[in-house]
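Given chain U's structure and the hints, the job is docking chain G onto it.
Chains U and G are the protein sequences, given in the same order.
Residue numbers for the first sequence follow our numbering, so the first one is 526 and each next one is one higher.
Residue numbers for the second sequence follow our numbering, so the first one is 5 and each next one is one higher.
If you're looking for bench data, these hints aren't it; they were derived computationally from the structure.
Everything numeric in this text was worked out from a predicted model, so none of it was measured.
Misleading hints may appear alongside valid ones.
Stated by the list, open to error - What follows is a set of in silico ranges between Cβ atoms, one per label pair, in the way DEER data are often shown:
{"hint": "1", "chain 1": "U", "residue 1": "ASP784", "chain 2": "G", "residue 2": "VAL36", "range": "21 to 31 Å"}
{"hint": "2", "chain 1": "U", "residue 1": "TYR712", "chain 2": "G", "residue 2": "ARG84", "range": "46 to 56 Å"}
{"hint": "3", "chain 1": "G", "residue 1": "ARG10", "chain 2": "U", "residue 2": "ASP584", "range": "34 to 44 Å"}
{"hint": "4", "chain 1": "G", "residue 1": "ARG33", "chain 2": "U", "residue 2": "VAL692", "range": "26 to 36 Å"}
{"hint": "5", "chain 1": "G", "residue 1": "TRP61", "chain 2": "U", "residue 2": "LEU699", "range": "31 to 41 Å"}
{"hint": "6", "chain 1": "U", "residue 1": "GLU590", "chain 2": "G", "residue 2": "ARG10", "range": "42 to 52 Å"}
{"hint": "7", "chain 1": "U", "residue 1": "LYS750", "chain 2": "G", "residue 2": "ARG10", "range": "43 to 53 Å"}
{"hint": "8", "chain 1": "U", "residue 1": "LEU705", "chain 2": "G", "residue 2": "ARG10", "range": "23 to 33 Å"}
{"hint": "9", "chain 1": "U", "residue 1": "ASP584", "chain 2": "G", "residue 2": "ILE94", "range": "40 to 50 Å"}
{"hint": "10", "chain 1": "G", "residue 1": "LEU58", "chain 2": "U", "residue 2": "LYS644", "range": "52 to 62 Å"}
{"hint": "11", "chain 1": "U", "residue 1": "GLY552", "chain 2": "G", "residue 2": "VAL36", "range": "45 to 55 Å"}
Every residue, glycine too, gets a C-beta built ideally from N, C-alpha and C.
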Amino acid sequence: MSKTSDFIREKREALGMSQEELAEKTGVFVSEVRLWESGMLPDSKHLLQLAEALQVGTDEILRGEEEPSESVSERLPRQEIVSDGHEPEQALSDRQENLVKEESENPQTEQEAAQEDEKESADETEKYSFLSEQEEDEDDFEPIPEDFDESLRRNGFTKKERVLAYVAGALFILIVLVNLISSGVAYLNRDRTLAMENYKNYIEIDSDPVGNVNVDTVEITVKFKAHVTDFDLTLTVSFSPMLVGNETYTTEISFSQRDCQKGKVLSRQITYGEYYEYSPFAHIQVNSVSGGLD
Amino acid sequence: MKYRSRNFWMVLFLCVVLAFGLANMIVNRSFVLIPVFLIFAIPSVPLLYFNYSLVRWNVRRNANWDTEAGADGVEPSEFRLIMGKVGSWIFFAFALIVALIQL
Chain U
526 MSKTSDFIRE
536 KREALGMSQE
546 ELAEKTGVFV
556 SEVRLWESGM
566 LPDSKHLLQL
576 AEALQVGTDE
586 ILRGEEEPSE
596 SVSERLPRQE
606 IVSDGHEPEQ
616 ALSDRQENLV
626 KEESENPQTE
636 QEAAQEDEKE
646 SADETEKYSF
656 LSEQEEDEDD
666 FEPIPEDFDE
676 SLRRNGFTKK
686 ERVLAYVAGA
696 LFILIVLVNL
706 ISSGVAYLNR
716 DRTLAMENYK
726 NYIEIDSDPV
736 GNVNVDTVEI
746 TVKFKAHVTD
756 FDLTLTVSFS
766 PMLVGNETYT
776 TEISFSQRDC
786 QKGKVLSRQI
796 TYGEYYEYSP
806 FAHIQVNSVS
816 GGLD
Chain G
5 MKYRSRNFWM
15 VLFLCVVLAF
25 GLANMIVNRS
35 FVLIPVFLIF
45 AIPSVPLLYF
55 NYSLVRWNVR
65 RNANWDTEAG
75 ADGVEPSEFR
85 LIMGKVGSWI
95 FFAFALIVAL
105 IQL
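Isolated chain U (complex conformation) (with noise of 0.2 Å):
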């Protein structure tokens, strides 16, 4: 806590004032002026509205205490009428008498005087040369431009980004509208059952042989892409002869499960005999399909 803080607080309840109303009378927000009374200086924008509030003097808030109610001009001929015993213009005359005396004590010619002032000056702007510099400093500092958007300079939006937004966010909602209402059509008129048309979107069927060399062997996956019910599948799988004979080789293979989840590998092995006699590439042509599907 700071003499200013103090200050501050001990002004406003002397004149009954809330801190709201405080805050309302210097134009800050409650918190600012909670801020002040627990010992931060208020900010220098704020001072003047602070002191009117308050009905103090600025220094005396930024001392914490008030100003004695005489100032040292105010007090100076009360003291000369108290040590000489005059009325003030007594006092006045007599000084004006010491200075005429004084002058002729010491004569001087206009010229000298002249002279005098002159090199006074010169002093003065030798001393005080530096604040010329600064005002040329000053000078460097950007001007505000005229198309300055001032309510920039507070929190919140201004005019410009409140167009922009509601034109961009209007347009995205659009497009999530869009997207959500589609999602939804595409749900309702989704596949129920597995049938021949579309049972490439739920299952892959695929062929591998097994081995590396003289493969007589080839295995046939179905793996599922979707949660299937009371799955059943046939399949002809045929090979074409390779070096010996024109006869192709063909089988019927089934699969049947009641509960296939999503990620689920079915497979079966066929051995076709040699390995010289077809290719252990399989053509597989699905004969029948049924499932349900979520």
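What follows is chain G alone, placed relative to chain U:
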């Protein structure tokens, strides 16, 4: 009906837009991207709204740090304020782009 400022409606609108984005991600089952979306979406609206305070705080902090006289009365420049806004809007737009990605 209680009077609400334009800024209040703007913040509400931005929250609704983000809610739509989140709903889109859930429907598309892009659950992996939801944390990424939230990282950009949650801070973007306060960043946009409190742009002036945040930029001013930053400028004053720098001035207090760099100068002996301190930063009483220092105001952020137009460039800094605009850059703050642009950065926040990029944050927000990135959240919306993430919401539209379908894995």
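Hints, one by one, checked against the model:
{"no.": "1", "hint": "U:ASP784 with G:VAL36: 21 to 31 Å", "verdict": "holds (28 Å)"}
{"no.": "2", "hint": "U:TYR712 with G:ARG84: 46 to 56 Å", "verdict": "holds (49 Å)"}
{"no.": "3", "hint": "G:ARG10 with U:ASP584: 34 to 44 Å", "verdict": "holds (40 Å)"}
{"no.": "4", "hint": "G:ARG33 with U:VAL692: 26 to 36 Å", "verdict": "holds (30 Å)"}
{"no.": "5", "hint": "G:TRP61 with U:LEU699: 31 to 41 Å", "verdict": "holds (37 Å)"}
{"no.": "6", "hint": "U:GLU590 with G:ARG10: 42 to 52 Å", "verdict": "holds (44 Å)"}
{"no.": "7", "hint": "U:LYS750 with G:ARG10: 43 to 53 Å", "verdict": "holds (51 Å)"}
{"no.": "8", "hint": "U:LEU705 with G:ARG10: 23 to 33 Å", "verdict": "holds (29 Å)"}
{"no.": "9", "hint": "U:ASP584 with G:ILE94: 40 to 50 Å", "verdict": "holds (47 Å)"}
{"no.": "10", "hint": "G:LEU58 with U:LYS644: 52 to 62 Å", "verdict": "holds (56 Å)"}
{"no.": "11", "hint": "U:GLY552 with G:VAL36: 45 to 55 Å", "verdict": "holds (49 Å)"}
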